[in-house]
Amino acid sequence: MAHAIKFHPGMPLLEQHAEGTLSADVALAVAAHIDLCPHCQQLSRDITADLACQLAQQPVKTNTTDWQQMLHDIMAQPPLSKQAAATQAQLSAQPAESIIVNQREFVLPRALQRLAANHGKWLHLGGIATAKLPAGNDYHVSLLYISKDTEVPQHTHLGLEMTLVLAGKIVDENGEYKAGDLLINSPDDTHTPRTMADEDCLCLSVLSAPLKFKKGLTRLLNPLQQFFY
Amino acid sequence: TRQEITNNNWEEALTFVALQRDRSAYAELFNYFAPRLKAFGMKMFGNEQQALEMVQDTMLNVWKKAALFDASRGCASTWIFTIARNVRFDMLRKKQSRKDDVSADDLWLNGEYPEQEADTDASQWDTQLLMDKLAPHFTSLPPAQREVMEKVYLQEKSHQEVSDELAIPLGTVKSRIRLALDRLREALDGARN
Ligand SMILES: [Zn+2]
Ligand SMILES: [Zn+2]
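Residue numbers (this note's numbering), protein chains in the order written: chain A, 1 to 229; chain B, 1001 to 1193.
One chain only, chain A, in its complex shape:
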C-alpha cells in the first residue's frame, strides 16, 4: 500500500458484514473498503472464524426434522470433480474491468466490478459527475467523480452518507481522505468536500436520503438533489 488507510468501518459494521446482516447497500461499501484495506481484511477473517466457531460449537437439541431424507437427497447428486469445481470458481471470478470518466480510467475494487459494469449513464454538473449503480433498496448507490480543484457545495445530510474514496483525494472541514478511506456522515454533520488543485477523485457514495445544500445560491441545488441522489 502506498499509504495507510485511516478511516475504517467500526467493529459493529465489520461484524454485521461478516454475519451477512447489513443492508446490501451498506454492505457493498464495507466490502469495497475491505478489498482495499489489509487491516480490515484481517479483522474480517478473524470475525468470520469466530462466528463459525460459535456456529460449530453451539449445543443443539435433537429435533424432529427428517435429516436422513435430506442427506439421502443430497448424496443422490453427483459431486463436482476438482477440475469442474476449479473451473466454476474461475468463472465466478471477475476479470478486472476499468471504468472511464472524464477521459480518466479507474480500476475498481473487486466488490464493485460486476455492478459497475452495469452503471447508469454519467450525469455531469460542473466538475462533478455521478452514475448510479444497480444496487440498493433503502439506499442510493452511485459512483461520484469530482474533477480536480472542485468543491461539492456545503451540505447537510438528511440521512446517512457513506463515501468510500476509490482513487485520488478529498478534503473537508474534518480531514483528508485518500483511497480506501471510508467517511460516514450522519444527519447532524455539515461539510464541504473538495478536491485538491492537482488531483481529481473517484468515490463510491451510498446515501439513505438526499443531501441538503446550505448556503446562498447553492440552495438552488436542492431542487436538483436527485442529481446527488
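Quick caveat, the hints were computed from the structure, so don't treat them as lab data. Warning: the hint list may mix true and false statements.
Claimed, not checked - Quick list of the computed label-pair ranges, beta carbon to beta carbon: (1) G120/A to N1031/B: 45 to 51 Å; (2) G120/A to R1023/B: 45 to 51 Å; (3) A1071/B to W122/A: 41 to 47 Å.
To be verified - Result set (DSSO-like, lysine-lysine): computed pairs, CA atoms no more than 27 Å apart in a straight line: (4) K214/A to K169/A; (5) K1064/B to K121/A; (6) K61/A to K1038/B; (7) K132/A to K1095/B; (8) K6/A to K148/A; (9) K1174/B to K6/A; (10) K148/A to K178/A; (11) K82/A to K1065/B; (12) K132/A to K1094/B; (13) K132/A to K148/A; (14) K1095/B to K1043/B; (15) K121/A to K148/A; (16) K1174/B to K1157/B; (17) K169/A to K121/A; (18) K1094/B to K1064/B; (19) K82/A to K1157/B; (20) K169/A to K212/A; (21) K212/A to K178/A; (22) K61/A to K1043/B; (23) K212/A to K132/A; (24) K1043/B to K1094/B; (25) K1065/B to K1095/B.
To be verified - Interface residues of chain A toward chain B, partial, derived using beta-carbon atoms under 7 Å: (26) M11; (27) G20; (28) A24; (29) A27; (30) P109; (31) A111.
Ideal placement from N, C-alpha and C gives every residue a C-beta, glycine not left out.
Guided by the hints, dock chain B with the ligands onto chain A, whose structure is given.
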C-alpha cells in the same frame, strides 16, 4: 478404509469427501452441521421452512464443492459458515427479485486476500497501557475475549498455554486477542473525542 473421524476433525472429513466421495465421512459432517445450521437459520429467518431450505442448499454445496475446500486457508467450520451466510443472503435477495442487484459474490471474496506484512500495531499495545487506560473497558468485552485477554495480559501466559488451558485452537486465541485489541482501541478513541 478410512479410520473414524476423531476429535471433530472436519477438515479431514471434507478431504475424504473431496478425494473419494466418501459417503460416510459426508454423513458424519452432515449429522453434525445440519442441525446447527438449522438453528442458525431459525435465528436469521425465524421461519422453519426457509431455515431448512438454507440448510439443504448449504449442505448440497458442501457435498458438491468439497474439492474446493482448502484446509490451508482455514477450518472446515469457517468454510461451511461462509457458504451458509452466502446462501442465506442470496435467498433474501432473490425474494426481492432484483436481477442486477448486489449478490453474495460481490460482498464476500471467495478465497483469500494475498498475505500482507504483519500488523505490528497490535503488538505495540503493552501491558502497562492496557492496565492504566483500558482496564475500565475490559468489563465491556465479550466474555470469551475477556477471558483470553486476562490470561495473556494479566496472567502473562503464552498464546499456546491459553490455547491448551481453554481447549481452543491457537488461531482462535490469536483472533480473540486481535478482536479485543481492536475493540479496546475503539473504546479509547471514543473516550478521547
Ligand atoms: Zn479498514
Ligand atoms: Zn456529505
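Original post:
Against the structure shown, which of the earlier numbered hints fail to hold, in ascending order?
Top reply: 5, 19 and 30
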